[in-house]
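So the protein lines, in turn, are chains A and B.
To convert, count from 1 in the first sequence and add 11; that's this note's numbering.
To convert, count from 1 in the second sequence and add 11; that's this note's numbering.
By construction, these hints were calculated from the structure, which means they are not laboratory data.
Treat the numbers as computed from the prediction; the structure is a model and nothing was measured.
One thing to keep in mind: the hints can contain errors.
No copy labels: a pair is met if it fits in one copy or bridges any two.
Stated by the list, open to error - Derived pair list, reagent style DSBU-like, types lysine-lysine, alpha-carbon separation capped at 35 angstroms: (1) Lys250 - Lys239; (2) Lys167 - Lys329; (3) Lys172 - Lys223; (4) Lys231 - Lys250.
2 protein chains.
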Amino acid sequence: MLQEDVKRELRSIVGNEDYKDDMQSLVTHSYDGTPMLQSLPDGVIYPADTREVSEVMKVLNRYRIPLISRGSGTNLCGGTVPVQGGVVMVMHRMNRILEVDLENLTATVQPGLNTKQFITHVEGLGLFYPPDPGSMAVSTIGGNIAECSGGLRGLKYGTTKDYVIGLEAVLASGEIIRTGGKLMKDVAGYDLTKLLVGSEGTLAVITEATLKLIPPPRYKKTMLAMYKDIYGAARTVSKIIENRIIPATLEFLDNPTIRVVDDFAKLGLPRDMEAILLIEQDGDMESVERDIASIEMICHSENAAQVSVAESAEEALKLMTARRSAFTALARLRPTTILEDATVPRSKIADMVLEINRIAQKFQVQICTFGHAGDGNLHPTATTDARDQEEIHRVEAAFEEIFEAAIKLGGTITGEHGVGLVKAPFLEWKVGSAGIEMMKAIKQGFDPLNLLNPGKMFAKESRKRVVIDRG
Amino acid sequence: MLQEDVKRELRSIVGNEDYKDDMQSLVTHSYDGTPMLQSLPDGVIYPADTREVSEVMKVLNRYRIPLISRGSGTNLCGGTVPVQGGVVMVMHRMNRILEVDLENLTATVQPGLNTKQFITHVEGLGLFYPPDPGSMAVSTIGGNIAECSGGLRGLKYGTTKDYVIGLEAVLASGEIIRTGGKLMKDVAGYDLTKLLVGSEGTLAVITEATLKLIPPPRYKKTMLAMYKDIYGAARTVSKIIENRIIPATLEFLDNPTIRVVDDFAKLGLPRDMEAILLIEQDGDMESVERDIASIEMICHSENAAQVSVAESAEEALKLMTARRSAFTALARLRPTTILEDATVPRSKIADMVLEINRIAQKFQVQICTFGHAGDGNLHPTATTDARDQEEIHRVEAAFEEIFEAAIKLGGTITGEHGVGLVKAPFLEWKVGSAGIEMMKAIKQGFDPLNLLNPGKMFAKESRKRVVIDRG
């Protein structure tokens, strides 16, 4: 709990109603989308505008109290768990679309804006904002920026980073900074915009963002290819890219995921397949038809057992919705679902799936794998039970070995979920000690008192790279 | 000149031949593509590989000697002038394409590789590397990364930043760092890759880069639209974008530039036009034909005096080459050519051209304007004479006012040339004092002894924003 005079100051900024520290508010903001992590904050605050964010930050800075900014807390890395207490700042009141500029094809929005709502709004104006994280129905643009969210369309269209061209943010001092603008090109100094994207709330509180919009594709086509041999699916992914085709979406589901998704979405998927690829191409009709025809040929040449192109937009939407339901469907299996995002060069997808299966077997845990195959961004997902400590240890040991395998294949510990708490002990594996040192220097420069989302990104100790079988 | 024992150490690393401090070598590396700036280094060194770069850096760090890494020195911001002496490190021996990975569509290259040669090489493999700075026939990939180079294809395809996905670099300590990789998605920690791109040699020496390649467009079409009214041209630019068309290239040339380019390239351009737009669209035939037809209609609706579509690839190439010759052509007019890159939101092109013309008139200087209209990235170019101090003062005062006008229109002081020496006094206008502070904190973290390209990016004093008419 904060001292009374701090609370008084905070309430004088946001109003009595918008600072809370009743137990219900504290518990509600003690966790996020990541399983098995919980820590109570001292208070929860709901600022109405940038000035309030700045004033709150100044007070917290003066009293050396941590600030954890968050949107809907859908992240999967423990990114918004207040591990060192402090004040959780919920951005939901700052949820407006400030402008859509049709001449410059930009939108300026507040961080608490819901992602899906924003995507739908710009679609209504005949424009396109591609980043579509799995959580988009609930997530906020500010949270997407903090984590540099990806999604199903990342392969062709890139991730959140590629669409953020300007930011307003509040620094740890309470000062307000503006980076970039409605500019397609800007090399005035170091790129603070791209640095803040994906900085997980550890460098500044984002209070406004200018986003690039693009013309929407005119036409799209969706298809499914099913394989009895998982490597046929993986080779198909490589061959598509090698053939200079970049589909909008190129998703992979392994057999356990297929069965679970089918139970959930009732699509009548063949349950004996080892892998399914869900492929979507968009663009002009001519190029889409050509690409889909080429992809069909590649699928057949890799011995796909069945290849089918969606007959209608409804059917295509049904398939995409089914894929989007994978996490939800898996979550029904057992009490605890741990979804990871080890990522490898896209040519290494088959090797990575092999490794995941070998490791799951070794530790006797259930891991289903699905994800963005075209990006090399897989989601090995363990279904387990947090109450079974012994099993959880085996799951953790398995993931540790999966991260190590990803690094060995030239990959990374996280493709789109972020480091947060969960990956912090593994960050050094990817970026090396010199990388950690430079990142810490940046953190130190921005936030010398370590008030912004402390305890995230950097672990007290890096995990040793020798995996100890704790099972 | 360096002490004898330092030179001995440096020569023992790179060999006798590859450290030079004869007057010819020093003078040759005392300037770059930027007019009127010159400062002698103490020595020039040519490393053969990353290990040598690291060893050299360690020696220089020990003796507190500045290091200025450079490629071909084509930059236009004084970015590689050794203003505080020290050792210029020329990357030309590290000029190999290490790998083109056809499965992952990436290339791994050394920094001294020539840009044009790289583009041509990957084109031969049926791939596409879009960044095409005006200097690409001479420039290096390392230099392009240091400055985040743009080019004519930036509008549709983005700039260097959008294609660098992994780096190897040597830090001021001599330590070697690796960022990113052959990964389309990677959120492991702060994005050091994008931070190093455009950091102008002030944070690290880039020794290797992994670049993203894309499938090339199958078809392209080039057209010219000529206007008696400059605002008709500007409105055309806005209308094209508003109509959800993003051309590959959308270039603007004003009347003085048209005349000079025509004298140089002998295209028979109509010399009485106030503005020409050079437009190229690429992609599939269907979409290119549709876009070009729409653009033609827009041009006519904005009272273009003449609209013509190139009949052949040769004719299109001739037009693009003429545009690319603008700088060279202007440089023939008078002894000194100062080319700037004030950039505004693309909807503000007309306002910016108006401002440039007003300011040129006010200071009685000759400024021709051309550039990447679709990006809002204009190149107001003064033709002057460095020996005429009085005129040069007027030119400088005019540019100061042009930068101020760009900022007022929501723009930036530099769209693609970088800050270097030339824009350093103006950086604060764009990023504010808090922005400067954060950038300095990053610099301090990476290079606490200020050895890497010192004197760049940050000015001792910011220019006051009140422009004094020194004419």
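Evaluation of the provided hints:
For a Cα distance limit of 35 angstroms, the shortest separation of Lys250 from Lys239 inside one copy, 18 angstroms, qualifies, whereas the shortest one across copies, 52 angstroms, does not. Taking CA atoms no more than 35 angstroms apart as the test, Lys167 paired with Lys329 passes in both settings, with 21 angstroms inside one copy and 32 angstroms between copies. In this assembly of identical chains, the alpha carbons of Lys172 and Lys223 lie at most 35 angstroms apart whether taken from the same copy (10 angstroms) or from different copies (16 angstroms). Proximity of Lys231 and Lys250 under a CA criterion of 35 angstroms is satisfied in both settings, with 21 angstroms inside one chain copy and 26 angstroms between copies.
Checked against the numbered hints given earlier, this structure breaks none of them.
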